[in-house]
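Go by the hints and put chain X onto chain L.
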Amino acid sequence: MSTQAIAIENTKTGEVTEAVYEHPFVVRLCHWVNAVALFVMVGSGLQIFRAFPSFGAKIPQKDLLNWPKSFAIGGWLGGALQWHLTFMWIYITTGLLYLGYQVFSGNYKQVLFVRRDLPGVWPMVRHYFFFGPKPPVTEAYNPLQKHAYTSAIGLGVLSALTGFAVWKPVQFSWLAWMMGGFHWARLWHFMIMWAILAFVFGHLVMVVLHGWNNFVSMLTGWKKDPEYSSK
Amino acid sequence: MISRTDDRKFKHASRRELLKLTPVLALGAFAIPALQKPLLKAGLGFSDWASSRLFRSRHLAPTFADSDLTPFSKFPINGYDVEDPGVDFDIWTLTVAGAVQKPGDYKLAQIQALPKVIQNTRHVCVEGWDVIGSFGGVRLSDFLAMIGADTTARFVTFECADDYYESLDMATALHPQTLLCYEMYGQPLTREHGAPLRLNIPTKVGYKQAKYLTDLKVTNVLERVGYWEDQGYSEFYGL
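Those sequence lines, one after another, are chains L and X. Numbering-wise (the working numbering), the first sequence opens with residue 2 and increments by one. Numbering-wise (the working numbering), the second sequence opens with residue 1328 and increments by one.
Same shape as in the complex, but just chain L (with noise of 0.2 angstroms):
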């Protein structure tokens, strides 16, 4: 996958340094309005979870958490049931279009995790979390990286399934029945979320630890002096 580069001169002291246009639009744009869509729908679905904190029997009912009224959108279940029934809409939106963008421009090629990713993924663990050397890098996203963004589209996507499921058990049974049934189906929808969460949290860290030229290319499309050479 060859990315777009270019050389920056700066103009009072003639010295060069490279950029390279890292995000497309689309990618940005999905990007940042899927963020906004994501955090209203955890807040508004752990609003909607605390009706009935629990799975399974309805009596004797146990909370299986106590989930602060504080951290959660819409203040009751029919203002979270707003939120989350409107912004689904958004996050299942801007989903489609990133996908159906990346797989149309062939940007998916820059992301998409395949078996050769796989030896890769070793050493960028030993790198990141044992004090391992750093493997050389050489694309926009390393093995482990691309592990990381392809697994969350796919949590993205059966977050918007498993939702689909508890949304409409009826009309869309087939689905309901292939998690389990409409209980299990919620289940699944509760854990994806935690799943997207622990996602995040990773996604956070590495943004704060790579800087702000790094955190800049999701805003401009251009990442300046990126940590690999474009050729």
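Keep in mind that the hints are not guaranteed to be accurate.
[Claimed, not checked] Restricting the straight-line Cα-Cα distance to at most 16 angstroms, the calculated cross-link-like pairs of lysine to aspartate or glutamate (EDC-like) are:
{"#": "1", "chain 1": "L", "residue 1": "K169", "chain 2": "X", "residue 2": "E1486"}
{"#": "2", "chain 1": "X", "residue 1": "K1544", "chain 2": "X", "residue 2": "E1486"}
{"#": "3", "chain 1": "X", "residue 1": "K1544", "chain 2": "X", "residue 2": "D1496"}
{"#": "4", "chain 1": "X", "residue 1": "K1338", "chain 2": "L", "residue 2": "D226"}
[Stated by the list, open to error] Pairwise CB distance ranges (calculated):
{"#": "5", "chain 1": "X", "residue 1": "P1350", "chain 2": "L", "residue 2": "W68", "range": "31 to 41 angstroms"}
{"#": "6", "chain 1": "X", "residue 1": "R1481", "chain 2": "L", "residue 2": "R116", "range": "54 to 64 angstroms"}
{"#": "7", "chain 1": "X", "residue 1": "T1349", "chain 2": "L", "residue 2": "W213", "range": "36 to 46 angstroms"}
{"#": "8", "chain 1": "X", "residue 1": "G1475", "chain 2": "L", "residue 2": "F200", "range": "54 to 64 angstroms"}
{"#": "9", "chain 1": "L", "residue 1": "W185", "chain 2": "X", "residue 2": "R1551", "range": "33 to 43 angstroms"}
{"#": "10", "chain 1": "L", "residue 1": "V27", "chain 2": "X", "residue 2": "D1393", "range": "47 to 57 angstroms"}
[Said to hold, decoys possible] Chain X is faced by these chain L residues, among others (derived, beta-carbon under 8 angstroms):
{"#": "11", "residue": "A20"}
{"#": "12", "residue": "E23"}
{"#": "13", "residue": "I49"}
{"#": "14", "residue": "F53"}
{"#": "15", "residue": "P69"}
{"#": "16", "residue": "W84"}
{"#": "17", "residue": "L86"}
{"#": "18", "residue": "W90"}
{"#": "19", "residue": "T94"}
{"#": "20", "residue": "I154"}
{"#": "21", "residue": "K169"}
{"#": "22", "residue": "S174"}
{"#": "23", "residue": "R187"}
Hints are computed from structural coordinates only; laboratory data are not their basis. Beta carbons are placed, not taken as given, at the ideal position from N, Cα and C, and that holds for glycine.
Quick look at chain X alone, frame taken from chain L:
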């Protein structure tokens, strides 16, 4: 081949790329108090519209074996205020009005004379819990035929002895699993479950399944939607 530029041009190009993202700020409208309510109302309205489009008249809700039933004693009782509005069964009738050929007061025996249906279906509460219950009654569609209802009308509305009220879209009212229910688990309805007559609608969430029915009306216009809906819950909420 790498193209070249200078830092000033690059800065301008970057700024243009950044400004392209300004549509994202439109989401901020949801944070403006005056706009929040109408926006969420529109969003929920869109979901309701999508729900009504997804509804299939001939698609049946899953049914279950007797061995899958939640024990009757564990079937939750959700009343919005009282568990027993004190209906006098001796003088109870269902008052029928609106776009029907035969309006008037119908006795329970007249309703029970229609073909009986027993179904084991899932009852899903908007809160997220669910139980599988056994429900016996007559098809609302059969009753609507008996009273000569205009089924081209848009809604069937219900009033209840406990001042609860509900409305159903006609497509759901005519669905073969939508029952005027007078039995649960093979026994006459108990008072806390809505005796003598309640709705059982496996294609709808629990709050649409009104208890203690007293009035039924076929209409094209809704003066009010339903007790919970009028407080901000989904109007259609089909499962």
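query: Does the hinted range 54 to 64 angstroms hold for X:R1481 and L:R116 at CB?
result: holds, 56 angstroms
- prompt: Honestly, do X:P1350 and L:W68 meet the 31 to 41 angstroms range at C-beta?
  reply: Because 33 angstroms falls inside the window, the suggested range holds.
message: Checking hints one by one. Is L:L86 an interface residue toward chain X, by the C-beta closer than 8 angstroms rule?
response: holds, 4 angstroms
- prompt: For the hint on L:R187, does the least C-beta distance to chain X fall short of 8 angstroms?
  reply: holds, 6 angstroms
- prompt: Has the hinted range 36 to 46 angstroms been met by the Cβ atoms of X:T1349 and L:W213?
  reply: The hinted range 36 to 46 angstroms is violated for X:T1349 and L:W213, with Cβ atoms some 21 angstroms apart.
message: What's the verdict on X:K1338 and L:D226, does the C-alpha distance respect the 16 angstroms limit or exceed it?
response: Holds - the C-alpha atoms of L:D226 and X:K1338 are around 14 angstroms apart, at most 16 angstroms.
field: Restraint check, 8 angstroms cut-off on beta carbons, for L:F53 near chain X
entry: holds, 4 angstroms
Restraint outcome when L:I154 is required to lie within 8 angstroms of chain X by C-beta distance: At about 20 angstroms, which exceeds the 8 angstroms cut-off, the nearest Cβ of chain X leaves the hint on L:I154 violated.
field: Interface hint for L:W90, Cβ within 8 angstroms of any Cβ on chain X
entry: OK, holds: L:W90 within 8 angstroms of chain X, min 7 angstroms.
query: Given L:A20 as an interface hint, is the shortest Cβ-Cβ distance to chain X below 8 angstroms?
result: At 7 angstroms from the nearest chain X Cβ, L:A20 passes the 8 angstroms test, so the hint holds.
- prompt: Does X:K1544 pair with X:E1486 here, judged by a C-alpha cut-off of 16 angstroms?
  reply: OK: X:K1544 and X:E1486 at ~9 angstroms, within 16 angstroms.
- request: Closer than 8 angstroms between Cβ atoms is the bar; does L:W84 clear it against chain X? Give me holds or violated.
  value: Cβ of L:W84 sits 7 angstroms from chain X, so the hint holds.
Taken one by one, the earlier hints fail for this structure at numbers 1, 7, 12, 15, 19 and 20, listed in ascending order.
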